[in-house]
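Colleague: Sequence:
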Amino acid sequence: REVFVEVPDVAWSDVGGLSDIKTRLEEAVEWPLKHANLFKKAAVRPPKGILLTGPPGCGKTLVAKAVANESGVNFISVKGPSLLSKYVGESEKGVRATFRKARQAAPCIVFFDEIDALIPVRGGGGSDAHVADRVLAQFLAELDGIEELKGVLVLGATNRPDMLDPAVLRPGRFDAVVDIPPPDEPGRLEIFKVHLRGKPVAVDVDVSKLASQANGLTGADIAGVCQRAALSAVRRVVAASGDKPPDEASLRITARDFRAALTDPASTRAEGWRGVAR
Numbered sequence: 061r062e063v064f065v066e067v068p069d070v071a072w073s074d075v076g077g078l079s080d081i082k083t084r085l086e087e088a089v090e091w092p093l094k095h096a097n098l099f100k101k102a103a104v105r106p107p108k109g110i111l112l113t114g115p116p117g118c119g120k121t122l123v124a125k126a127v128a129n130e131s132g133v134n135f136i137s138v139k140g141p142s143l144l145s146k147y148v149g150e151s152e153k154g155v156r157a158t159f160r161k162a163r164q165a166a167p168c169i170v171f172f173d174e175i176d177a178l179i180p181v182r183g184g185g186g187s188d189a190h191v192a193d194r195v196l197a198q199f200l201a202e203l204d205g206i207e208e209l210k211g212v213l214v215l216g217a218t219n220r221p222d223m224l225d226p227a228v229l230r231p232g233r234f235d236a237v238v239d240i241p242p243p244d245e246p247g248r249l250e251i252f253k254v255h256l257r258g259k260p261v262a263v264d265v266d267v268s269k270l271a272s273q274a275n276g277l278t279g280a281d282i283a284g285v286c287q288r289a290a291l292s293a294v295r296r297v298v299a300a301s302g303d304k305p306p307d308e309a310s311l312r313i314t315a316r317d318f319r320a321a322l323t324d325p326a327s328t329r330a331e332g333w334r335g336v337a338r
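Position one of the sequence shown corresponds to residue 61 (this note's numbering), numbered consecutively onward.
Among the hints, erroneous ones may be present.
Said to hold, decoys possible - Just the calculated beta-carbon pair ranges, DEER-fashion:
no.: 1; residue 1: A227; residue 2: T323; range: 40 to 50 Å
no.: 2; residue 1: S73; residue 2: L229; range: 23 to 33 Å
no.: 3; residue 1: A315; residue 2: A103; range: 19 to 29 Å
no.: 4; residue 1: V254; residue 2: D307; range: 23 to 33 Å
No wet-lab data here; the hints were simulated from the structure.
Just so it is clear, CB atoms sit at the ideal spot from N, CA and C, and this is done for glycine as well.
Please take these sequences and the hints and turn them into a complete structure.
Modeller: In structure tokens form, the structure reads like this:
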């Protein structure tokens with residue numbers, strides 16, 4: 061399992077809403093790099109780990125990429141379950157390799173997506189040869205062991221923080237737990253503007269009204285609404301062209317397309333799922 065180092069191309073302008081979250085993460089990630097002397101003068105230790113929590117589709121992964129890009133550091137993305145192996149010792153080896161690569165690429169952010177699959181509560185698995193317990197022990201040793209973790213920030217994302225072992229949540233490991241809630245109406249308005257950027261939107265589309273009608277939808281749901289509306293407009297142009305080449309100049313995403321997208325079963329299923337989750 062190879063570990064790839066990259067710098068994402070996602071900027072804060074690509075993240076709609078979440079102004080308080082942005083400010084908090086800028087202080088935790090960018091300030092220690094840009095104002096290192098101030099932190100040294102104040103004897104403040106930069107955070108070692110930050111846990112992002114919240115419902116699915118609220119932008120946890122997007123925020124992690126934007127943090128890495130805006131701070132200008134390397135970024136390693138790891139899907140939690142991908143490090144698990146049925147062979148004894150291989151899972152712990154994967155954790156060691158990830159942190160070794162991060163130290164070599166420092167300053168670096170290591171992002172563990174679905175981290176609850178990697179470090180669940182100890183003793184939760186009885187038939188897996190205690191793989192989860194050993195992976196957790198290795199993770200804790202790398203994060204807060206004798207060998208100090210310098211120039212590496214660990215970001216974790218999960219929608220099930222209750223499944224994480226309490227040992228990883230103490231200060232000095234994951235110093236901050238940042239909850240990313242579903243967007244409010246101003247946040248939904250910003251998300252619509254991000255996803256409609258560059259699209260041929262008709263003059264009858266009121267983005268503020270769309271944000272009001274999208275109550276309860278997450279950022280991922282709003283992205284889906286914009287995609288379905290755009291596809292509806294493309295479908296209409298293709299149907300009108302018949303056997304001739306479609307007229308690209310006539311392509312406009314209208315308010316009717318958005319109304320149809322908002323009442324699509326995919327949107328209502330998402331809202332129903334969140335109602336059950338709550």
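Colleague: Please write out, lowest number first, the hints stated earlier that are contradicted by the structure.
Modeller: 3
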